[in-house]
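Between the sequences and the hints, there should be enough to build the whole structure, so can you do that?
Here's the letter readout for the chains.
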Amino acid sequence: MRLYVYCLAEGVDRLNNTLRGVSDAPVRIVKFEDLSAVVSDCRPEDFQVTRKNALAHHEVVQSITEQTTPLPARFGALVTVEQLSNYVSTHHQAIKAKLAHVRGGVEMNVRMIRTITRADASQVPENENVPGPGTAFLLEKRKEILRAEAGVDRKKQLSSWLREKLGDLIKEEKISIVPSETVILARADHLIERVDVQEYRTKMGKAVEERPEVRFMVSGPWPPYSFANIELEFSSQFGVS
Amino acid sequence: MSDFDQIIVGEEWEGAELSLLETLDHVLNRGLVLAGEITIAVADIDLIFIGLNVLVSSVETAHETLRKREPTE
Numbered sequence: 001m002r003l004y005v006y007c008l009a010e011g012v013d014r015l016n017n018t019l020r021g022v023s024d025a026p027v028r029i030v031k032f033e034d035l036s037a038v039v040s041d042c043r044p045e046d047f048q049v050t051r052k053n054a055l056a057h058h059e060v061v062q063s064i065t066e067q068t069t070p071l072p073a074r075f076g077a078l079v080t081v082e083q084l085s086n087y088v089s090t091h092h093q094a095i096k097a098k099l100a101h102v103r104g105g106v107e108m109n110v111r112m113i114r115t116i117t118r119a120d121a122s123q124v125p126e127n128e129n130v131p132g133p134g135t136a137f138l139l140e141k142r143k144e145i146l147r148a149e150a151g152v153d154r155k156k157q158l159s160s161w162l163r164e165k166l167g168d169l170i171k172e173e174k175i176s177i178v179p180s181e182t183v184i185l186a187r188a189d190h191l192i193e194r195v196d197v198q199e200y201r202t203k204m205g206k207a208v209e210e211r212p213e214v215r216f217m218v219s220g221p222w223p224p225y226s227f228a229n230i231e232l233e234f235s236s237q238f239g240v241s
Numbered sequence: 001m002s003d004f005d006q007i008i009v010g011e012e013w014e015g016a017e018l019s020l021l022e023t024l025d026h027v028l029n030r031g032l033v034l035a036g037e038i039t040i041a042v043a044d045i046d047l048i049f050i051g052l053n054v055l056v057s058s059v060e061t062a063h064e065t066l067r068k069r070e071p072t073e
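Note that the protein sequences, when read in sequence, are chains F and Y.
Per our numbering, residue 1 is the first one in the first sequence, and the count goes up by one each step.
Per our numbering, residue 1 is the first one in the second sequence, and the count goes up by one each step.
Treat the hints loosely; a few may be bogus.
Said to hold, decoys possible - Partial pick of chain F residues on the chain Y-facing surface, computed with a CB cut under 8 Å:
1. V5
2. L8
3. F32
4. L55
5. H58
6. L71
7. F137
8. T202
9. K206
10. W222
11. N229
12. I230
What the hints assert, rightly or not - Computed Cβ-Cβ distance ranges for the label pairs, DEER-style:
13. L20(Y) / G132(F): 45 to 53 Å
14. N17(F) / L20(Y): 21 to 29 Å
15. L20(Y) / T135(F): 43 to 51 Å
16. L20(Y) / L139(F): 36 to 44 Å
17. L20(Y) / K203(F): 24 to 32 Å
18. L20(Y) / E210(F): 24 to 32 Å
19. L20(Y) / G104(F): 26 to 34 Å
20. L20(Y) / Q93(F): 34 to 42 Å
21. V178(F) / L20(Y): 16 to 24 Å
Hint data in this document are derived by calculation from the structure and do not stem from the laboratory.
On a predicted model such as this, the values are computed, not experimentally measured, just so you know.
Quick reminder that beta carbons are idealized off the backbone N, C-alpha and C, glycines included.
See the structure below:
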């Protein structure tokens, strides 16, 4: 038997009795001193990667988020009691620091889609009249570097524009840009205070009006999935390479 | 909590579909990574497949939406 882990949190002592998790299993709390892990019992052979289970995972995390801001685990965290205990004890300080950082917060996401214009395309030269494979290779490399540089510039521009529009509402921000041949897809993840959700929506609504060439999608509030990870090396912890 | 409160792109998309895509994106691609995930390594292909499908279908649908809106020259 393993534990399926939904999230780690502080100050969660009771759960809704009707709460069901992956594989329709009852959800319970495992206490580690001042930290709580929200889990359900699960046999590895019974665990399935299905939409239903992914949504059940989210439902549990969401219900905890109504009480407090947890650190949501990524879908599929199936561990033994010893593994979980070892993980919490060895990362206790980092978990506490992360929980303190997200406390009272929620995640908002903005997706932006813009068609690539001729001006965008001209920043990356086409390889025409290539004399040989060596030159072609170098030109292609140059093109890749220019694309990467353009991506970094866009990230900076976007970040500074969003900060200008949203001001001090942003506690933490993560921006990713995925250019394709025809569109630029950008995503901004923001950690904000719960109490600021309405103000965030209002400010984003105004910002959107200023950029008619860009299509926006704003979603949230979410549990802080994008801000939960502890940037440490775990791979060797359980002897996994 | 996860409802789309403001959808400015792609009115052709249903709010529920977007909400589902966003939920799956969060659950599958984000969150605290525990080492225990290795126990479902056999399912990694499925996880990656679902994740890519979500992303690709989102981009493709968005592109199609934009294309339809472009004024014809």
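Hint by hint, here is what the structure shows:
1. Taking 8 Å as the C-beta cut-off, the interface hint given for V5(F) holds, the closest approach to chain Y being about 6 Å.
2. A least Cβ separation of about 7 Å between L8(F) and chain Y falls short of the 8 Å threshold, and the interface hint therefore holds.
3. The closest approach between the C-beta of F32(F) and any C-beta of chain Y is roughly 13 Å, which is over the 8 Å cut-off, so the hint fails.
4. Given hint, L55(F) at the interface with chain Y, holds; its Cβ is 6 Å from that chain's nearest Cβ, closer than 8 Å.
5. Contact between H58(F) and chain Y, as hinted, is supported at the beta carbon level, the nearest pair being about 5 Å apart and thus within 8 Å.
6. At about 5 Å, the closest approach between the beta carbon of L71(F) and any beta carbon in chain Y falls short of 8 Å, and the interface hint on this residue holds.
7. Of the supplied interface hints, the one on F137(F) is violated, with its beta-carbon coming no nearer than about 28 Å to a beta-carbon of chain Y, more than 8 Å.
8. The interface hint given for T202(F) is broken, as the beta carbon of that residue sits about 10 Å from the closest beta carbon of chain Y, more than 8 Å.
9. Checking K206(F) against chain Y by beta carbon gives a least distance of about 12 Å; that is not within 8 Å, so the hint is violated.
10. The beta carbon of W222(F) comes within 6 Å of a beta carbon in chain Y, closer than 8 Å, and the hint placing it at the interface holds.
11. With its C-beta approaching chain Y no nearer than about 6 Å, N229(F) sits inside the 8 Å limit, and its interface hint holds.
12. Hint on I230(F) holds. Least Cβ distance to chain Y is approximately 7 Å, under the 8 Å limit.
13. Distance hint for L20(Y) and G132(F): a CB-CB separation of about 50 Å, consistent with the stated range 45 to 53 Å.
14. At roughly 27 Å, the beta carbons of N17(F) and L20(Y) sit within the given window of 21 to 29 Å.
15. Judged by the Cβ atoms, the range 43 to 51 Å given for L20(Y) and T135(F) holds: they are separated by roughly 48 Å.
16. For L20(Y) and L139(F), the Cβ-Cβ distance of about 43 Å falls inside the hinted range of 36 to 44 Å, so the restraint holds.
17. As the Cβ distance of L20(Y) to K203(F) is approximately 27 Å, the hint placing it in 24 to 32 Å holds.
18. Distance hint check for L20(Y) and E210(F): the Cβ-Cβ separation is about 30 Å, which falls inside the suggested range of 24 to 32 Å.
19. The given range of 26 to 34 Å is respected by L20(Y) and G104(F), whose C-beta atoms sit roughly 28 Å from each other.
20. At about 37 Å, the beta-carbon gap between L20(Y) and Q93(F) stays in the expected band of 34 to 42 Å.
21. Here the CB-CB span from V178(F) to L20(Y) is close to 20 Å, well matched to the stated 16 to 24 Å.
Violated hints, in rising order: 3, 7, 8, 9; the structure is consistent with all others.
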